[in-house]
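**Student:** Here is how the chains run, residue by residue.
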Amino acid sequence: MMSDLETFRAETAAWLEANCPPEMRQPMVDESDAVWGGRNPTFKPGQKEWLDVMAAKGWTVPDWPKEYGGGGLSRAETKILGQEMARLKCRSPLSSFGIWMLGPALLHFGTEAQKKHFLPPIARGEIRWCQGYSEPGSGSDLASLQTSAVDQGDHFVVNGQKIWTSYADKADWIFCLTRTDKNEKHKGISFMLFDMASEGVTTKPIVLISGQSAFCETFFDDVKVPKEYGEGVSSVVYEVNKGWDVAKYLLGHERSMISGGGSDGATSLGAKFADQYGRDEMGRLDDPMLRAQMAEMDIDVLAFRAMAERFGDTFKAGLCHPAQPNMMKYAGTEINKRRHELIMSAGGSEVLEWESEASNGGLTARSWLRTKANSIEGGTSEVMLNVVSKQILHLPGA
Amino acid sequence: MPLYLNEDQQMLHDSAAEFMKGEAPVSHLREFRDKQCKDGFSHALWKQFAEMGFTGILIGEDDGGLGMGHVEAGVVLEQIGRNLTPSPFLTTSVAGVEALNAGGKALRDKYFPGILSGDTVLALAVDEGPKHRPDQISMAATREGNGFKLDGKKQFVVQGGSADTLIVAVRTSGSAGDDKGLTLFAVDANAQGLAKNSVRLVDSAMAAHLEFDGVLVDADAVIGEVDEGDVVLRRLLNAGRSGAAAETLGVGAGAMDITVDYIKGRKQFGALIGSFQALQHRIAHLYSEMEIARATVLKAQQMLDEGSSKAELMVSVAKAKAGKATALSVKEGVQMHGGVGMTDEYDIGLYMKRDRALQEFMGDVNYHTNLVAEMHGY
Ligand SMILES: Cc1cc2nc3c(=O)[nH]c(=O)nc-3n(C[C@H](O)[C@H](O)[C@H](O)COP(=O)(O)OP(=O)(O)OC[C@H]3O[C@@H](n4cnc5c(N)ncnc54)[C@H](O)[C@@H]3O)c2cc1C
Ligand SMILES: Cc1cc2nc3c(=O)[nH]c(=O)nc-3n(C[C@H](O)[C@H](O)[C@H](O)COP(=O)(O)OP(=O)(O)OC[C@H]3O[C@@H](n4cnc5c(N)ncnc54)[C@H](O)[C@@H]3O)c2cc1C
Numbered sequence: 085m086m087s088d089l090e091t092f093r094a095e096t097a098a099w100l101e102a103n104c105p106p107e108m109r110q111p112m113v114d115e116s117d118a119v120w121g122g123r124n125p126t127f128k129p130g131q132k133e134w135l136d137v138m139a140a141k142g143w144t145v146p147d148w149p150k151e152y153g154g155g156g157l158s159r160a161e162t163k164i165l166g167q168e169m170a171r172l173k174c175r176s177p178l179s180s181f182g183i184w185m186l187g188p189a190l191l192h193f194g195t196e197a198q199k200k201h202f203l204p205p206i207a208r209g210e211i212r213w214c215q216g217y218s219e220p221g222s223g224s225d226l227a228s229l230q231t232s233a234v235d236q237g238d239h240f241v242v243n244g245q246k247i248w249t250s251y252a253d254k255a256d257w258i259f260c261l262t263r264t265d266k267n268e269k270h271k272g273i274s275f276m277l278f279d280m281a282s283e284g285v286t287t288k289p290i291v292l293i294s295g296q297s298a299f300c301e302t303f304f305d306d307v308k309v310p311k312e313y314g315e316g317v318s319s320v321v322y323e324v325n326k327g328w329d330v331a332k333y334l335l336g337h338e339r340s341m342i343s344g345g346g347s348d349g350a351t352s353l354g355a356k357f358a359d360q361y362g363r364d365e366m367g368r369l370d371d372p373m374l375r376a377q378m379a380e381m382d383i384d385v386l387a388f389r390a391m392a393e394r395f396g397d398t399f400k401a402g403l404c405h406p407a408q409p410n411m412m413k414y415a416g417t418e419i420n421k422r423r424h425e426l427i428m429s430a431g432g433s434e435v436l437e438w439e440s441e442a443s444n445g446g447l448t449a450r451s452w453l454r455t456k457a458n459s460i461e462g463g464t465s466e467v468m469l470n471v472v473s474k475q476i477l478h479l480p481g482a
Numbered sequence: 011m012p013l014y015l016n017e018d019q020q021m022l023h024d025s026a027a028e029f030m031k032g033e034a035p036v037s038h039l040r041e042f043r044d045k046q047c048k049d050g051f052s053h054a055l056w057k058q059f060a061e062m063g064f065t066g067i068l069i070g071e072d073d074g075g076l077g078m079g080h081v082e083a084g085v086v087l088e089q090i091g092r093n094l095t096p097s098p099f100l101t102t103s104v105a106g107v108e109a110l111n112a113g114g115k116a117l118r119d120k121y122f123p124g125i126l127s128g129d130t131v132l133a134l135a136v137d138e139g140p141k142h143r144p145d146q147i148s149m150a151a152t153r154e155g156n157g158f159k160l161d162g163k164k165q166f167v168v169q170g171g172s173a174d175t176l177i178v179a180v181r182t183s184g185s186a187g188d189d190k191g192l193t194l195f196a197v198d199a200n201a202q203g204l205a206k207n208s209v210r211l212v213d214s215a216m217a218a219h220l221e222f223d224g225v226l227v228d229a230d231a232v233i234g235e236v237d238e239g240d241v242v243l244r245r246l247l248n249a250g251r252s253g254a255a256a257e258t259l260g261v262g263a264g265a266m267d268i269t270v271d272y273i274k275g276r277k278q279f280g281a282l283i284g285s286f287q288a289l290q291h292r293i294a295h296l297y298s299e300m301e302i303a304r305a306t307v308l309k310a311q312q313m314l315d316e317g318s319s320k321a322e323l324m325v326s327v328a329k330a331k332a333g334k335a336t337a338l339s340v341k342e343g344v345q346m347h348g349g350v351g352m353t354d355e356y357d358i359g360l361y362m363k364r365d366r367a368l369q370e371f372m373g374d375v376n377y378h379t380n381l382v383a384e385m386h387g388y
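Heads up: the protein sequence lines correspond to chains S and L, in order. Just remember that this note's numbering sits 84 ahead of the position in the first sequence, which is counted from 1. Just remember that this note's numbering sits 10 ahead of the position in the second sequence, which is counted from 1.
Where hints are given, some of them may not hold.
To be verified - EDC-like mimics (lysine to aspartate or glutamate), calculated; alpha carbons at most 16 Å apart, straight line:
1) S:K474 / L:D230
2) L:K115 / L:D230
3) S:K271 / S:E323
4) L:K320 / L:E384
5) S:K474 / L:D271
6) S:K288 / S:D305
7) S:K356 / L:E384
8) L:K57 / L:D119
9) S:K200 / S:E268
Derived by calculation from the structure, the hints in this document are not laboratory data. The structure displayed is predicted, hence computed values, not measured ones.
My request is simple: use the sequences and hints to build the entire structure.
**Tutor:** Structure representation (structure tokens):
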């Protein structure tokens, strides 16, 4: 007799085999292989079919409740789905700030009407969201933000500037932190949802050191934000002036997500590079120093993968310290940066090519540079360490 | 299986924590060190271990034990590490028992009752030099009558002077470096021709240099099959390494806790030193390393208990990761204690010494890092 979970594993594997298009079982090469959905989606062959069948099963968000477009799977089933997708090399059907950030915050803080209104389009990949947190004067000290929302009866009027807003130029809606009380700091912030197509919203892309332009300056010039989008569907999540609670909760999920969960990337860089780098007569990677660093990296990657599994399990069971995502983000991003340093080092001059076709437009170098943002975006490593010191180790304030 | 302790394991954790803290805290180690105990541990305490059921954790229920796994053994070992408890638990009840579990019923019946009652102590005679190189074993046994004759040297056998029985890994064919040709024996510690020279180590534990001069053993002293000792040795090493990783984790966690406490109480420049960011970031980083090590050790133990084919890889990852994290913990610990960290009066230095010994036990960080590269085929 198979246990329920074994049956689930067998059925899931069979379903994935039958439904995942062959193109979606190839490794992702660059950003264009990620599917972001939205009002004006772009799809490569196989991407739309894969998104649609997965969304129909609720498996773009397997652990969300079914009534909000999820799959209603338990923690154990979600884990199995992830393991089978990894084993069969199925790509993730949808990349989405809605799934990684807004969704969990709405599930926790949203009203029933808000959940019913906003979550299903996220699960189906129909609405693409961006995050309006940082401002030019408010980065690590996010709660000092100044973008204002003034109550005008049935709507708010929003004015100000956000910066580093990832994909603001491609997003349909924004979850935005605004100041609704100038006399308070943390207790004067609200968490608002509005359409990026609203009059008065403009975006201006910023070029990164990787040469890519994934984020923008975002300007709000007398933007009218209705208080409701229908019966009970408030534009403010939780309550006015209580947005900091929502913002922090969301950051927890964002930080867990940026930590990478140890899930992507080949397990062993050394195994991957030994053939291309060369081996000595004993079959060892031909540079003993590089070999040692590769093996250290293998250990750190496998160790962090165990950490990610434990974090996920304890989080779901309510056994994990609420500030643990900060530790995860710190550790995961620092490992990822080191990993890409090693990839560059192993590649030598070849991976310096920036434009050639052979280098896929300098993909390796651009990816390396992109990882430098990992320990900045979503809260810097230094800020993560501050939070761990204070909230987990209870060290005295300076 | 979720990667945290289940309810039963948590209960075992709580009782092991209470027991070790109550019966064998750091002051117990000091007491045995100061009276220059030759065995390096308390036989009365070992009896108490037995009463708690700890000694039979890895002994099957059919053999009268608790029939638990590596996770449970690790739970006890972490508390041993936290309290720096001197005991023969790791060599006897973890690695030694696991080796005997690979042997026949006659051997198990001979040794398990004494282990269960807290009378028998086992030691592991594997290493032949100052570094752990089990693939380079060269000490040999030759056939003699119905049994074997053992000749050669084993070094740094922890508890080797006080053990009743030695688990000895030797060559019965082939030469150093070969996979096959090893045989493991259970040898009476009082056998004729066996000379033992005990030395005290930096952490106050006792280790012995052993010389076998024509030591005769019966054929029934063979654990498992002749020339197939690699199978037995692998089980012994997996258990010993994951166990040592768990004890190391306890040492690192204990050192971190006392350091966090210390910097919350010490004032300089008119402020608690724990309020200085220079120390906060380092100890928060340490916390992160210790958490990762904890997950890794538990993962390795779960994989061993499940019989996973990748367990051996994860055991090496765990020994290396726990070793690195704990080395950092004791170094930062002494440094953040300032001058008092250098004194014998404060416990932090004892943690540093224990860590150093555990690093060498069954392979240090470099050894296991190299193994990981080999297992990954480069
Ligand atoms: C690729 C990328 C994408 C991003 N996407 C988004 C997005 O979609 N939406 C959004 O709102 N924001 C986004 N951000 C912004 C990001 O959240 C901020 O960059 C981050 O919070 C840091 O703020 P800052 O850049 O103003 O740096 P600063 O806060 O000025 O920090 C500068 C340096 O000082 C250090 N520092 C600051 N305070 C302390 C302290 N108390 N103790 C010790 N050290 C300190 C920092 O660690 C850092 O090293 C993105 C950033 C990047 C790089
Ligand atoms: C072997 C030995 C020999 C010695 N010989 C002599 C001697 O002959 N004569 C003599 O007078 N003294 C001597 N000392 C004392 C030595 O100078 C002090 O131990 C040293 O100055 C540190 O002071 P402390 O021990 O009080 O540590 P603390 O000042 O309490 O420091 C504890 C920890 O906090 C850190 N810390 C403190 N302040 C800050 C800060 N502002 N920012 C960040 N971190 C901080 C320290 O770096 C340290 O890690 C000796 C010490 C030793 C260990």
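**Student:** Are the hints correct? Go through all of them and say.
**Tutor:** Going through the hints against the structure:
Of the supplied pair hints, the one linking S:K474 and L:D230 is violated, its CA atoms being roughly 60 Å apart against a limit of 16 Å. Restraint check for L:K115 and L:D230: satisfied, since their Cα atoms lie roughly 11 Å apart, inside the 16 Å limit. Restraint check for S:K271 and S:E323: the C-alpha separation of about 11 Å stays at or below 16 Å, so the hint holds. Taking the CA atoms of L:K320 and L:E384, the gap is about 13 Å. The hint holds against a cut of 16 Å.
Taking the CA atoms of S:K474 and L:D271, the gap is about 14 Å. The hint holds against a cut of 16 Å. Distance hint between S:K288 and S:D305 is fulfilled; the C-alpha atoms sit about 14 Å from each other, no more than 16 Å. With a C-alpha separation of about 13 Å, the suggested pairing of S:K356 with L:E384 holds against the 16 Å cut-off. For a cut-off of 16 Å, the pair hint linking L:K57 to L:D119 is broken: about 19 Å separates their Cα positions.
Using a Cα cut-off of 16 Å, the hinted pair S:K200 and S:E268 is violated, with the two alpha carbons roughly 32 Å apart.
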